[in-house]
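Enquirer: Sequence:
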Amino acid sequence: MRDDDFPAPERRTRGRRRFDDDEQDFLKRGRPASPAPTDPDDEPDPVTGASWSSWDDSVHGPEPHPEWLVTELAAKDTDLGVLKTGKEADVHLVRRAAPDSERSCLLAAKRYRDPRHRLFHRDSGYLEGRRVRRSREMRAMTGRTAFGRQMIAGQWAAAEFAVLGQLWEIGERYGTVAVPYPVQLRGTELMLEFLGDPDTGQAAPRLAELRPAPAELRELWEQLVDALMVLARAGYAHGDLSAYNLLVHAGRLVLIDLPQVVDVVANPQGRDFLTRDVRVVATWFAARGLPPGLADPVELTGMLSREVGLR
Numbered sequence: 006m007r008d009d010d011f012p013a014p015e016r017r018t019r020g021r022r023r024f025d026d027d028e029q030d031f032l033k034r035g036r037p038a039s040p041a042p043t044d045p046d047d048e049p050d051p052v053t054g055a056s057w058s059s060w061d062d063s064v065h066g067p068e069p070h071p072e073w074l075v076t077e078l079a080a081k082d083t084d085l086g087v088l089k090t091g092k093e094a095d096v097h098l099v100r101r102a103a104p105d106s107e108r109s110c111l112l113a114a115k116r117y118r119d120p121r122h123r124l125f126h127r128d129s130g131y132l133e134g135r136r137v138r139r140s141r142e143m144r145a146m147t148g149r150t151a152f153g154r155q156m157i158a159g160q161w162a163a164a165e166f167a168v169l170g171q172l173w174e175i176g177e178r179y180g181t182v183a184v185p186y187p188v189q190l191r192g193t194e195l196m197l198e199f200l201g202d203p204d205t206g207q208a209a210p211r212l213a214e215l216r217p218a219p220a221e222l223r224e225l226w227e228q229l230v231d232a233l234m235v236l237a238r239a240g241y242a243h244g245d246l247s248a249y250n251l252l253v254h255a256g257r258l259v260l261i262d263l264p265q266v267v268d269v270v271a272n273p274q275g276r277d278f279l280t281r282d283v284r285v286v287a288t289w290f291a292a293r294g295l296p297p298g299l300a301d302p303v304e305l306t307g308m309l310s311r312e313v314g315l316r
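Count along the sequence shown starting at 1, add 5, and that's the number in the working numbering.
Treat the hints with caution; some may be incorrect.
[As the list claims (entries may be wrong)] The following label-pair restraints were derived from C-beta to C-beta distances:
#, residue 1, residue 2, range
1, Arg-284, Gly-180, 17 to 25 Å
2, Glu-77, Glu-227, 14 to 22 Å
3, Ala-291, Glu-68, 40 to 48 Å
4, Val-303, Asp-61, 44 to 52 Å
5, Arg-178, Glu-224, 24 to 32 Å
6, Glu-107, Gly-298, 49 to 57 Å
7, Glu-107, Pro-297, 47 to 55 Å
8, His-65, Ala-255, 23 to 31 Å
9, Ala-292, Gly-256, 39 to 47 Å
10, Trp-73, Asp-105, 34 to 42 Å
Everything labelled a hint here was simulated from the structure, so no lab data went into it. Glycine is no exception: its CB is placed at the ideal position from the N, C-alpha and C atoms.
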């Protein structure tokens, strides 16, 4: 299949629902997203738009790597357009193809913006409990200087990459939770498994876009409770959980957007983040018809707190 078989990005996103971290005024102002780190000798092909794969000079996800992932150093990456635009980062659809073969895969490239244009509207509380080694860097982050904002951006990308890798690997100890496979980290660009239709490049829908039937609604709620229990056993809260940060792919609920994941024990506001996560999703499910006895936020928060070890 050729790259031009995909619909243009404008057509693919036309009519989509506005996500909770989208900013329409921001799009009107037209501030550009910063590109991923590039090598001067690695400019995209002027005809195809493809460039050399960045696999060789990036941090890789957990091994063994999935069979579908193209890891050949001679592979080429082609940017197929924007999947989602948010306040802190844009997500692009990228095809990685091996030369002289039919091997290829689709990836979601999450790219944080230039420090001058990022709007880290949520970072102050989430960064509590995270520490950097050098006091100068910590002061810069606290003061939100240009250097400090770059540090924060790096922490967002690195934190999401790290927690996705951990959640991918902890199945035997804590249980499984569905998250995208973290392919690689390079600067402030995070490459993730693409979840959606590989033939059209259409991303899997967010839970907020769906109106599940009663039986499906109950099944999705049970999957969500299981996922939150796994996070709690690992000591985490999502930190910004809502129906907009959950995908439904092949009948399975998938947690996404995890840069602000909270260490519930180390962060002084950890319990508050956990409580808010539960309240937001429980309210959404109850509003869609889930019986109140199943979506009791107080009961679920208590269960999760016990798993974390909070009293």
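Enquirer: None of the hints should be skipped; say for each whether it holds.
Expert: Hints versus structure:
The given range of 17 to 25 Å is respected by Arg-284 and Gly-180, whose C-beta atoms sit roughly 23 Å from each other. Taking 14 to 22 Å as the suggested C-beta distance range, the pair Glu-77 and Glu-227 does not conform, at roughly 40 Å. Distance hint for Ala-291 and Glu-68: a CB-CB separation of about 41 Å, consistent with the stated range 40 to 48 Å. The supplied range of 44 to 52 Å is met by Val-303 and Asp-61, whose beta-carbon atoms lie about 50 Å from each other.
Separated by about 25 Å at the C-beta atoms, Arg-178 and Glu-224 satisfy the suggested range of 24 to 32 Å. As the Cβ distance of Glu-107 to Gly-298 is approximately 52 Å, the hint placing it in 49 to 57 Å holds. The supplied range of 47 to 55 Å is met by Glu-107 and Pro-297, whose beta-carbon atoms lie about 52 Å from each other. Here the CB-CB span from His-65 to Ala-255 is close to 25 Å, well matched to the stated 23 to 31 Å.
A beta carbon spacing of about 22 Å between Ala-292 and Gly-256 contradicts the range 39 to 47 Å that was offered as a hint. For the pair Trp-73 and Asp-105, the beta carbons lie near 19 Å from each other, so the given range of 34 to 42 Å is not met.
Checked against the numbered hints above, the structure breaks hints 2, 9 and 10 and satisfies the rest.
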